[in-house]
Structures are given as C-alpha cells and as structure tokens.
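Assemble the whole structure, with the sequences as input and the hints as a guide.
Each chain, letter by letter, is given below.
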Amino acid sequence: MKIVAVCGMGIGTSVLLKMNAEKVLAKLGVDADVEAADMGVARGAAQTAEIVLTSEELAEEIGEVPANVIIINNFFDLDEITEKLTAAVQ
Amino acid sequence: MSINLAEELSSITTKAPASDWRAAIRLAGDGLVAGGATTDEYTDEMLAAVDKHGPYIVIAPGIALAHSRPSPAVLHGGLSWVSLATPVEFGHASNDPVSLVIGLAAVDHDSHIQVMGALAGVLSDSAAMTRLLAADSADEVRAELSSLAAAN
Numbered sequence: 001m002k003i004v005a006v007c008g009m010g011i012g013t014s015v016l017l018k019m020n021a022e023k024v025l026a027k028l029g030v031d032a033d034v035e036a037a038d039m040g041v042a043r044g045a046a047q048t049a050e051i052v053l054t055s056e057e058l059a060e061e062i063g064e065v066p067a068n069v070i071i072i073n074n075f076f077d078l079d080e081i082t083e084k085l086t087a088a089v090q
Numbered sequence: 001m002s003i004n005l006a007e008e009l010s011s012i013t014t015k016a017p018a019s020d021w022r023a024a025i026r027l028a029g030d031g032l033v034a035g036g037a038t039t040d041e042y043t044d045e046m047l048a049a050v051d052k053h054g055p056y057i058v059i060a061p062g063i064a065l066a067h068s069r070p071s072p073a074v075l076h077g078g079l080s081w082v083s084l085a086t087p088v089e090f091g092h093a094s095n096d097p098v099s100l101v102i103g104l105a106a107v108d109h110d111s112h113i114q115v116m117g118a119l120a121g122v123l124s125d126s127a128a129m130t131r132l133l134a135a136d137s138a139d140e141v142r143a144e145l146s147s148l149a150a151a152n
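Residue numbers (this note's numbering), protein chains in the order written: chain W, 1 to 90; chain B, 1 to 152.
Derived pair list, reagent style DSS-like, types lysine-lysine, alpha-carbon separation capped at 30 angstroms:
id: 1; chain 1: W; residue 1: Lys84; chain 2: B; residue 2: Lys52
id: 2; chain 1: W; residue 1: Lys2; chain 2: W; residue 2: Lys23
id: 3; chain 1: W; residue 1: Lys23; chain 2: W; residue 2: Lys84
id: 4; chain 1: B; residue 1: Lys52; chain 2: W; residue 2: Lys2
id: 5; chain 1: W; residue 1: Lys84; chain 2: W; residue 2: Lys2
id: 6; chain 1: B; residue 1: Lys15; chain 2: B; residue 2: Lys52
What the hints contain is simulated information worked out from the structure, not anything from laboratory work.
Take a look at the structure:
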C-alpha cells in the first residue's frame, strides 16, 4: 500500500506526519510505504497512492486525486492518526 | 540516550512578545539567522509559505513549525525555539492560538529526520511541554530538554 504524507514544503510537517503514520501502521500491522512530499510532488505521487495524509488547509490544494485524502488536525495525536488510518485501510 | 535537542537548537527565546503571527514567525527566523543557519531571506520565505498555503504550519494545538523549502537562503540545517509571552492567532481552524514557534531550516529533504524524531517526541509529551512553555529563560529550556534526552 502506498501512502503519501503531504505538506507545503516537504521538509517539516510531512516528515513528522510520515514518522507518526509509520508508527501507527506498524502497530496496526499494516504493510505500507509512506512517502513525505511537498505540494509540487504530491499531486503526481497521489495518482498512484491509496492514501494521502495532510492538513486541512492543504487538502483543498491537492484537488481531485484518485487517492483517499485524509485530513489530520494534530500531527502528534497518535490516537487521531490511528483512528483515521484504521478507518481508511478497512 | 537519544538526540539532545538542547544541542540542536540554534537559538532559544522565551516569553517573547509578538503582536501577530508574522511577528512570531520573524522571531523564529531571527533565531535561525542568529545561529548562522539562514539568511534573512529565509524568514521572508517562511512568511510567504503561510501567505501561500495558509497556517498549515500550526501542526498541533499551540505549536507552529515555521519553515520553507531548502533554498540558497539556508546555509545549514537549524532549529530555533521561540515561546511567546502571549498566545497569537495564526488563523488555524483547530489549533490556535499559538504559544510556541519552532523555526526549521533544512538543506535537503532527509538529513534532519533524526532531529525531527527527537522534536516530535518532546512536542508530544504534554507534561514536558507544560514545563517548557513555563520556562523563563533559555537555560531553563536547555536544562529541561537535556533531562528529557537523558531519560529517553
């Protein structure tokens, strides 16, 4: 499964989100590849990804993509990430 | 023993006054410049990022991670820490107001991953964050970060 974590710049929030998503996925026992990307790369990467993780402001910018776009409000809240990823991988 | 953020931070400012989110981000930018990580242009780039994408940098309640892309304005990787005297609105739908602005500069997309990991660990520890935000001096912040690193 391919997951893209997106932020505006590719060096900050997407990296944090990627790290926490990987923690959650390991705990859920889900085999997935998480890529951190900035807006420029994200739209392209999102064409072949199952899931896109991002914040509310950026979800609109990503626009129409085949992937399931999941909005995360608190990048440190593993419960929020767990809840949303669990629902998405069902 | 994990990475000690006290050693990674280019600068630490506590209880700083900021009239709005731009002033708050400028403080974080000034910290990066003071530490030699960036030039003033990077501060402008961080502000432009929020103008363009909105306040997505407010990644958790009360915490903003100011940053922009790797660019010629970044001389080397760096982190700055600015706690605010009064919380400031950034316009985020759920995580406002902001009490802590962290400035982040990176030269590429992956060399700072371990530092980010250490940062994530500290920022998600709510008891530690309460102590860190109450700190009145850079030395107090450093002492707290060092003891967190030693404990983990």
